[in-house]
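Visitor: As a plain string of letters, each chain reads:
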Amino acid sequence: MSEFADVAIGVWTLRWRRFRRHRTGMASLFILGVLVAFVLAAFPLQYFMGIDPDVTDLFARFDPPSAQHLLGMDEAGRDVLIRLMIGGQISLLVGVLATLVGGIIGVLVGVAAGYFGGRLDGVLMRFTDGMIALPLLPLLIVLGAIDLTKLGFSSDFAHSGAAGFWRIVVIISIVDWTAIARLVRAATLQIRERDYVRAARASGGSALYMMGTHILPNIATPIIVSFTLTVGRVILFESVLSFLGFGVVPPTPSWGNMLNNAQELVTTAPALAVYPGLLIFVTVIAVNFLGDGLQHAFDPRSERTP
Amino acid sequence: MSELLGIDDVSVHFPAAGGRVVRAVEQVSLSIAAGETLALVGESGSGKSTLGFAVAGLQAPTSGGLRFEGVPLTASTWPAARRKIQIVFQDPFGALDPRMPISSIIAEPLLIQRIGTAESRRARAAELVAQVGLPRDALNRYPHEFSGGQRQRIAIARALSPAPRLIVADEPLSALDVSIQSQVLNLMKEVQETHALSYLFISHDLAVVNHLVDRVAVLYLGRLVEVADRAALFAAPAHHYTRALLDAVPRIGRRRARHGGTIKGEMPSPLNPPSGCVFHTRCPRAEALCGAEVPVLRALSDVQSVACHFPLGSE
Numbered sequence: 009m010s011e012f013a014d015v016a017i018g019v020w021t022l023r024w025r026r027f028r029r030h031r032t033g034m035a036s037l038f039i040l041g042v043l044v045a046f047v048l049a050a051f052p053l054q055y056f057m058g059i060d061p062d063v064t065d066l067f068a069r070f071d072p073p074s075a076q077h078l079l080g081m082d083e084a085g086r087d088v089l090i091r092l093m094i095g096g097q098i099s100l101l102v103g104v105l106a107t108l109v110g111g112i113i114g115v116l117v118g119v120a121a122g123y124f125g126g127r128l129d130g131v132l133m134r135f136t137d138g139m140i141a142l143p144l145l146p147l148l149i150v151l152g153a154i155d156l157t158k159l160g161f162s163s164d165f166a167h168s169g170a171a172g173f174w175r176i177v178v179i180i181s182i183v184d185w186t187a188i189a190r191l192v193r194a195a196t197l198q199i200r201e202r203d204y205v206r207a208a209r210a211s212g213g214s215a216l217y218m219m220g221t222h223i224l225p226n227i228a229t230p231i232i233v234s235f236t237l238t239v240g241r242v243i244l245f246e247s248v249l250s251f252l253g254f255g256v257v258p259p260t261p262s263w264g265n266m267l268n269n270a271q272e273l274v275t276t277a278p279a280l281a282v283y284p285g286l287l288i289f290v291t292v293i294a295v296n297f298l299g300d301g302l303q304h305a306f307d308p309r310s311e312r313t314p
Numbered sequence: 143m144s145e146l147l148g149i150d151d152v153s154v155h156f157p158a159a160g161g162r163v164v165r166a167v168e169q170v171s172l173s174i175a176a177g178e179t180l181a182l183v184g185e186s187g188s189g190k191s192t193l194g195f196a197v198a199g200l201q202a203p204t205s206g207g208l209r210f211e212g213v214p215l216t217a218s219t220w221p222a223a224r225r226k227i228q229i230v231f232q233d234p235f236g237a238l239d240p241r242m243p244i245s246s247i248i249a250e251p252l253l254i255q256r257i258g259t260a261e262s263r264r265a266r267a268a269e270l271v272a273q274v275g276l277p278r279d280a281l282n283r284y285p286h287e288f289s290g291g292q293r294q295r296i297a298i299a300r301a302l303s304p305a306p307r308l309i310v311a312d313e314p315l316s317a318l319d320v321s322i323q324s325q326v327l328n329l330m331k332e333v334q335e336t337h338a339l340s341y342l343f344i345s346h347d348l349a350v351v352n353h354l355v356d357r358v359a360v361l362y363l364g365r366l367v368e369v370a371d372r373a374a375l376f377a378a379p380a381h382h383y384t385r386a387l388l389d390a391v392p393r394i395g396r397r398r399a400r401h402g403g404t405i406k407g408e409m410p411s412p413l414n415p416p417s418g419c420v421f422h423t424r425c426p427r428a429e430a431l432c433g434a435e436v437p438v439l440r441a442l443s444d445v446q447s448v449a450c451h452f453p454l455g456s457e
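Listed in order, the protein sequences are those of chains A and B. Counting in this note's numbering, the first sequence runs from 9 upward without gaps. Counting in this note's numbering, the second sequence runs from 143 upward without gaps.
Derived from the structure by calculation, the hints contain no laboratory data. Check before you lean on any hint, since a few could be wrong.
To be verified - Okay, the calculated bits of chain A under chain B, using three or more residues with CB under 8 Å as the criterion: (1) 16-24; (2) 219-232.
Unchecked claim - Listed below are several chain B residues computed to face chain A (Cβ distance under 8 Å; list not exhaustive): (3) Gly236; (4) Asp239; (5) Pro243.
Ideal Cβ placement from N, Cα and C applies to all residues, glycine included.
Using the sequences plus the hints, can you model the full thing?
Guide: So this is what it looks like as structure tokens:
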């Protein structure tokens, strides 16, 4: 222990210390930082080099890398590098936002159902079961076909790229919270009758305090695992939705739809599949190791005492 | 001595399958004076833990009420009373949040009750760690790094942090090694003197009870069958059940004294308690009256009361 061993340290400081000692977790944080910097580099690249991600040049199809186009051109004569950057902005943002929104809904529903039990539990879980029972594909098509102008959004917004982006986030969040809700409910049931929860209740702790202080940290492991797995899945799922024609629609790039488009070209231009595939791979790996680091931070038993 | 806690005619019933009712605690009245230690003894299933939970505010009584420092405990008076009534559990492994550092565990009642600042709470935790005999570097460590006895010390430190007047100790020693039990027992005695505490000490170990407590209340099937000063109870138990409990204590080097044999069988189900005196199905002295009429708790002397039609030593 440090020289300040007899001064009490806050629980978040201790968690951050454990996280910092987790090498792959820290490395993943760094790699994700690099990825974010990479996708944000699209703005200066567009501005200074004057490269447009959507301008096609059929004379430059499959051009090899050059000083002007560092990763060459794709099947429509568009700069691959800038498309990877722009596509990364969309993929990363969709991956993180949809995972967080869906995950938070799932955690809230699961913790509330598990902690309060009784009738609330019954209502929430039957609702969750109902969501699980809905067939995915027709649901997606219906959600994708909703006319945003009828919901009171302006026509400009409804047909903008931003609307497609938010539509994707909402669709994925709606279909993806159920699994985590069930998981969290089951984990909460295990924790809520522990004596340390009782002791806090005897001291007058509110339900919110119990959930935040005792339940969530003790069920952090399954939650983190579920979140990290979801990020990779969502990035790929987004391309399925694009393929079905809603959300991020070509020509707007995303890593998912770039990978999809490159499939038929994999013999002629394998690099077009390799770049987005590699970026998705690195992202998913980094998120998983980041999850490892977070689990380590939350679980003091994972640390060998020196 | 002034009364600290009053238990007035408290019953705790739980609904069971088929519309039946488990009568875990039935019309128990007791009081604990300031600075006093009252033991609650009985077999498993006698309702002693349920009564302890009711006193700690974890279980609302079905009927009857509690008084604390002369004030009836209601929805509006409970919040303030919670800091003055703390609980220590039996299982030291389940009682501490494995993901909380010791300093946060000990300071938790203060945090919940919004007493002091983050700084003062940490200082209080450091002070208590020393008081319960743990090393100072325990503060930033986690429960899994401690043994059962040390964990129970941490649980005691947590209970002490808001300066309570009453600690409900639910079999705090029974999960510990015998060699550790006496250490924790001594610690409990020590902090009782320094903090002017009362204990409601729930136990089935009469040897431990004999060391610590002032008065003993014996529960059987949720009913109070005898309350007496420790000395009176151990010297001359009045209820046949108390006698049987005392006889069941193993003693090294002494033959077990048998007063009409130990009691036989299991405790009846609290779903379907016997009529009259609930003990009559196992009592060596039972007569027809016992199955017909519920005996009321009556005083045999200033220090001893019993709920029995034919108490020991009266004939």
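Visitor: Hint by hint, say whether it matches the structure.
Guide: Tested hints:
no., hint, in the structure
1, 16-24, "holds (count 5)"
2, 219-232, "holds (count 5)"
3, Gly236, "holds (4 Å)"
4, Asp239, "holds (4 Å)"
5, Pro243, "holds (6 Å)"
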